[in-house]
Amino acid sequence: MSKEMTGAEMVVEALKDQGVDILFGYPGGAVLPIYDVLFHQEKVQHILVRHEQGAAHAAEGYARSSGKVGVLLVTSGPGATNTITGLTDALMDSIPLVCITGQVPTHLIGSDAFQECDTVGITRHCTKHNYLVKNVADLPRILHEAFYVASSGRPGPVVIDIPKDVQFARGIYTPPRGAQHKTYQPRLDADMDSIREAVKMMAAAKRPIFYTGGGVINSGPSASTLLRELVSLTGFPITSTLMGLGAYPGSGQNWLGMLGMHGTWEANHAMHDCDLMIAVGARFDDRITGRLDAFSPGSKKIHIDIDRSSINKNVKVDLAIVADCAHVLEALVRTWRAEAMHADKQPLDHWWAQIDEWRARKSLAFRNSGTTIKPQYAVQRLYALTRDKDVYVTTEVGQHQMWAAQHFHFDEPNRWMTSGGLGTMGYGLPAAIGTQLAHPSALVIDIAGEASILMNIQEMSTAIQYRLPVKIFILNNEYMGMVRQWQELLHGGRYSHSYSEALPDFVKLAEAFGGKGIRCSDPKLLDAAIEEMLDYDGPVIFDCLVEKSENCFPMIPSGKAHNDMLLADLSDDAGVDIGAVIDEKGKMLV
Amino acid sequence: MNAPASPPSPYSAATPNSKIESHTLSVLVDNEPGVLARVVGLFSGRGYNIESLTVAEVAHAEHRSRITIVTSGAPETIEQIHHQLERIVPVRQVTDLTLTRRSLERELAMVKVRGRGDNRNDALQLAEAFRARVVDATTESFIFELTGKPEKIDEFVDLMRPIGLVEVSRTGVAAISRGPDPI
Chain A
1 MSKEMTGAEM VVEALKDQGV DILFGYPGGA VLPIYDVLFH QEKVQHILVR HEQGAAHAAE
61 GYARSSGKVG VLLVTSGPGA TNTITGLTDA LMDSIPLVCI TGQVPTHLIG SDAFQECDTV
121 GITRHCTKHN YLVKNVADLP RILHEAFYVA SSGRPGPVVI DIPKDVQFAR GIYTPPRGAQ
181 HKTYQPRLDA DMDSIREAVK MMAAAKRPIF YTGGGVINSG PSASTLLREL VSLTGFPITS
241 TLMGLGAYPG SGQNWLGMLG MHGTWEANHA MHDCDLMIAV GARFDDRITG RLDAFSPGSK
301 KIHIDIDRSS INKNVKVDLA IVADCAHVLE ALVRTWRAEA MHADKQPLDH WWAQIDEWRA
361 RKSLAFRNSG TTIKPQYAVQ RLYALTRDKD VYVTTEVGQH QMWAAQHFHF DEPNRWMTSG
421 GLGTMGYGLP AAIGTQLAHP SALVIDIAGE ASILMNIQEM STAIQYRLPV KIFILNNEYM
481 GMVRQWQELL HGGRYSHSYS EALPDFVKLA EAFGGKGIRC SDPKLLDAAI EEMLDYDGPV
541 IFDCLVEKSE NCFPMIPSGK AHNDMLLADL SDDAGVDIGA VIDEKGKMLV
Chain B
1001 MNAPASPPSP YSAATPNSKI ESHTLSVLVD NEPGVLARVV GLFSGRGYNI ESLTVAEVAH
1061 AEHRSRITIV TSGAPETIEQ IHHQLERIVP VRQVTDLTLT RRSLERELAM VKVRGRGDNR
1121 NDALQLAEAF RARVVDATTE SFIFELTGKP EKIDEFVDLM RPIGLVEVSR TGVAAISRGP
1181 DPI
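Just so you know, the sequences run in chain order A and B.
Numbering follows the working numbering, with no gaps: position 590 of the first sequence is 590.
Basically the working numbering = 1-based index in the second sequence + 1000.
Simulated from the structure, these hints should not be mistaken for lab results.
Remember, predicted model here, so these are calculated numbers, not experimental data.
Watch out, some of these pointers could steer you wrong.
Stated by the list, open to error - For the chain A half of the interface with chain B, some residues (derived, Cβ under 8 Å), not all of them: (1) Asp118; (2) Val120; (3) Ile122; (4) Arg124; (5) Lys128; (6) His129; (7) Tyr148; (8) Ser151; (9) Gln180; (10) Gln185.
All C-beta atoms in this analysis are idealised placements derived from N, C-alpha and C, irrespective of residue type, glycine included.
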């Protein structure tokens, strides 16, 4: 119902009308009117973070694990600038966020006032859209529009910058209704001609592969269901990007494992040798393609993406379908059925036989040890001991993230929260907090590295304050592991500043925050220690001391093609100089 | 001392020998604060070129502005620019006028020339040939106003140089599609 109220009241009213139950934030001078309104209500639960970056990542974890829009509220100046990394992360990974920032009163804008910054100017490049509200009459529309823009089309973060005088000003609040933006209306349905063309190409394929990404997860649970149906209808193999894990079950029959720089031998070889690639909600990122001019040279490519600019950006495709994944998958399943299509059986059997040969290389194998904990083994045990639980996993960024992606398997979408595009160290703990709030009774584990976790360790306080029993499982090798690995492979083993010097005692650190600390360095005691962590009803920091020099394999060296992978057994051969495998051009790549 | 030759970018190496083309994009936008910054920021952020850019409101009641951008790049880059522009929320429509091959492009220039005697007469005669109008005159100078395709203006400016060119102000290209229909 329309009624008169202050701008600050409109903000909270709009949050309620948009179904927001959790708000991450940190108060400050320029948002005090909104905090005052929050004080008088209980519908929107405010979660006080310890740093605004934490609020952004927590909102991302909440959004990614629930499919809803994540919301945060911060003050002007440093409050706003501290969210930049989180906003950029959400932009890269297409996570719907609404970030409300306070701003100095309109008459002070441009005067270099205390805690003033050009928030819309600074966030223009790291948001899908942003607003500076100069008139309270515009506020209700902008608030509702922000939720619409954040969650429709290719999702992304939206900033609403509200000067303090606008928060105090009175105006008429109107609830959300109907279409939410006058011109921005992304198309969801595909045209049937291209669907029929795609089905024809699929039926004719001899060596097909599905390559799926985060877009399938963003499209909602029905997209994953339809994807599974299409895979089982066609019998095609399927691989996924880091962001797409869980859309197709990790235990599924046709699953080849993750592809890309640290993907499996079978997934990357199948991508290289296929004759038809069906990309669904994936964007041919450089971590996926490796060397572009040698990327899947013999294949026709179908690209399904809601963002037109993803088409032909990195890789030229033969058939582009610009629409929502779930809509397209539904149409593909329906058309495949209606026209009684079937895959070309004999070549497909042959293709699977080839894939089985690649699988037999067991590219994720590692040499286990009876005396030190191998990081891969730690992840495997964590996975095995949590199989009967309702588990959500977040990660930080680095080797541990890749080992988690390789050895922890997901049978459902929205279970895996990781910073893929931006690669943000410090993402995992706040994201775990957001995930736990979206799923209060679930088991939420942040698989972390000892370097990454220190980037947002202050959020332990948040976990304690709200009794969020997140489990932080640190694979502690005392190195920024991925940096160390690249230095070993590319820079002659000169470990420049990648040793985690002067680490805290993580057990005592956990206790200092009011949580539980567990340390384990013996593989024989690992299972019992993990059980102890799982049995504890509260936040735990698990300091898992692992093999320090372990490298993450398989690996496609920079500038190399999919069939140019390094495997663990190669690296163990004495005398093989991996650095020599990567040419000068490759060294320049990141 | 010679600086070491910088190695070619491994990224650009993926698209060798693509011909660089110049394209005129017509971008209809909601006329709201910051929309020009969004468009310009896209070009700088993604490393695209701007050869010229003009912007003005074209439908006041509907708060609509038209931005005309002349950009250059390989055909696949131009295609990217087109679709990246479409991602901007207040962008309503993007048309590559160069691809439609049915567009008019005009630019306005004001050219200040200083000189006496024969130079003065030469300037006036050339101006007449180019259909440039005199919009300001003193005993030792003229300001010509000239409308046309950018190449025509380039040509006129080049001719004025030996006569006594002082300075030039140009609007950049405005463009529209031919025929009865809108873009």
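The hints, checked one at a time:
| no. | hint | in the structure |
| --- | --- | --- |
| 1 | Asp118 | violated, 10 Å |
| 2 | Val120 | holds, 6 Å |
| 3 | Ile122 | violated, 11 Å |
| 4 | Arg124 | holds, 6 Å |
| 5 | Lys128 | holds, 7 Å |
| 6 | His129 | holds, 4 Å |
| 7 | Tyr148 | violated, 10 Å |
| 8 | Ser151 | violated, 13 Å |
| 9 | Gln180 | violated, 11 Å |
| 10 | Gln185 | violated, 11 Å |
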